[in-house]
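Student: Full structure from sequences and hints, please.
Residue numbers (our numbering), protein chains in the order written: chain A, 15 to 246; chain B, 302 to 409.
Honestly, I wouldn't trust all of these hints.
Restraint ranges, calculated between C-beta atoms of paired labels, are given here [claimed, not checked]:
| no. | chain 1 | residue 1 | chain 2 | residue 2 | range |
| --- | --- | --- | --- | --- | --- |
| 1 | B | L312 | A | R140 | 11 to 21 Å |
| 2 | B | V324 | A | D239 | 50 to 60 Å |
| 3 | A | E234 | B | L312 | 52 to 62 Å |
| 4 | B | S329 | A | T187 | 45 to 55 Å |
It should be emphasised that the hints constitute simulated quantities derived from the structure, not laboratory data.
If you're wondering where the values come from, they're calculated on a predicted model, not measured in any experiment.
Quick reminder that beta carbons are idealized off the backbone N, C-alpha and C, glycines included.
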Amino acid sequence: MREVLVADCVGKKYDDKWVLHSASLRATSGEVRALLGRNGAGKSTLFRIAAGLLAPDAGNVRFNGVVRERARFPLLAREGLCFVPDHDLLSTSFSLRQQFQFVRPGAGEIERVADRLSIAPFLDARSHELSSGERRRAEIAFAMLRRPVCLLADEPLRNVAPMDAEILLGAFTEIADAGCAVVITGHEVPAILAAVNHVTWCTAGTTYEMGPPFMARTDERFVRDYLGSRGG
Amino acid sequence: MSTVRMPAPFLARLLFRGIILWVLARLSVLALAAVARVAGISGADQATAPGGILSFWAVVITAALVLVDLKRRNELMLLHNLGVITPHPVLVGMVPALTIEIVLSVLR
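Tutor: Dropping the structure here:
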């Protein structure tokens, strides 16, 4: 396993106020990692910096072993980074099948991935005709077809039914098993902790490497300040 | 890795949209020029002629509309994921406006 993406000691300030300081994010091939944290903790900012969508005020991003002072997402995407934002990724002007063809998949690959993510009946529909769960599955299908070396998915389980969440988390594991480095964020703690290999906790603008989920669950501060009394 | 070029269906769609957005941009520019004429601002007639300063603004407004339209349709992030940088689709969407304005100024 190798570190594909490393956002190292990243800092970001808005109007002289540091919202992130010495925060780090690592994506390792073959692993699904979770970046967890309360709302406003800075995880989306860290995620966007790691993806090259936002410039850091301190630290740097290393992708495929190359340090970038100012990483830009489309250029990282050419090298295999895929970013699924927390809002719609797919165009409303083209059918799912048309958009999947943009990544030039192999013969029969679209149908295989569509079956895997239970979106086969919607291949000729447009994204705005789908429910939020179907749309999320379609977005991850797009990511899967891209065969990325690193996938960052921001809150992929938001507003989806438990069944959809199960399908999505299974897909992330499958993508990681193919050698991709996967990092997801979200607040669906039990489902996420059951599916990931590693947890990074973002709190008060910095990050802590919690290790595997069972280690995170036994960390007193993580339980007290993030999971709460019900333990997530 | 996957393609860096913009997909052909996207190119065709952008060129088609570019024509519609140029019409919108031209109409808004002509409306502004008509207001200027009514207000008695000198040079309004000359400016609205093809090749004039308003041709330039028609192309600039078209580019802005192309960008807004791409965002409205969730297409910027999709293109970024394909490795396409933002100026690329905007320039493609500007091509019809630029071509039509040049043709009109030559025919003038």
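Student: A separate judgement is required for each hint: does it hold in the structure or not?
Tutor: Quick rundown of the hints versus the structure:
For the pair L312 (chain B) and R140 (chain A), the supplied restraint of 11 to 21 Å holds, since their beta-carbon distance comes to about 19 Å. A C-beta distance of roughly 57 Å is found between V324 (chain B) and D239 (chain A), which places it inside the suggested range of 50 to 60 Å. Hint check: E234 (chain A) to L312 (chain B), Cβ distance near 56 Å, so the stated range 52 to 62 Å holds. Remark: the range hint 45 to 55 Å for S329 (chain B) to T187 (chain A) is upheld by a beta-carbon distance near 52 Å.
Comparing the model with each earlier hint shows no violations; every hint is respected.
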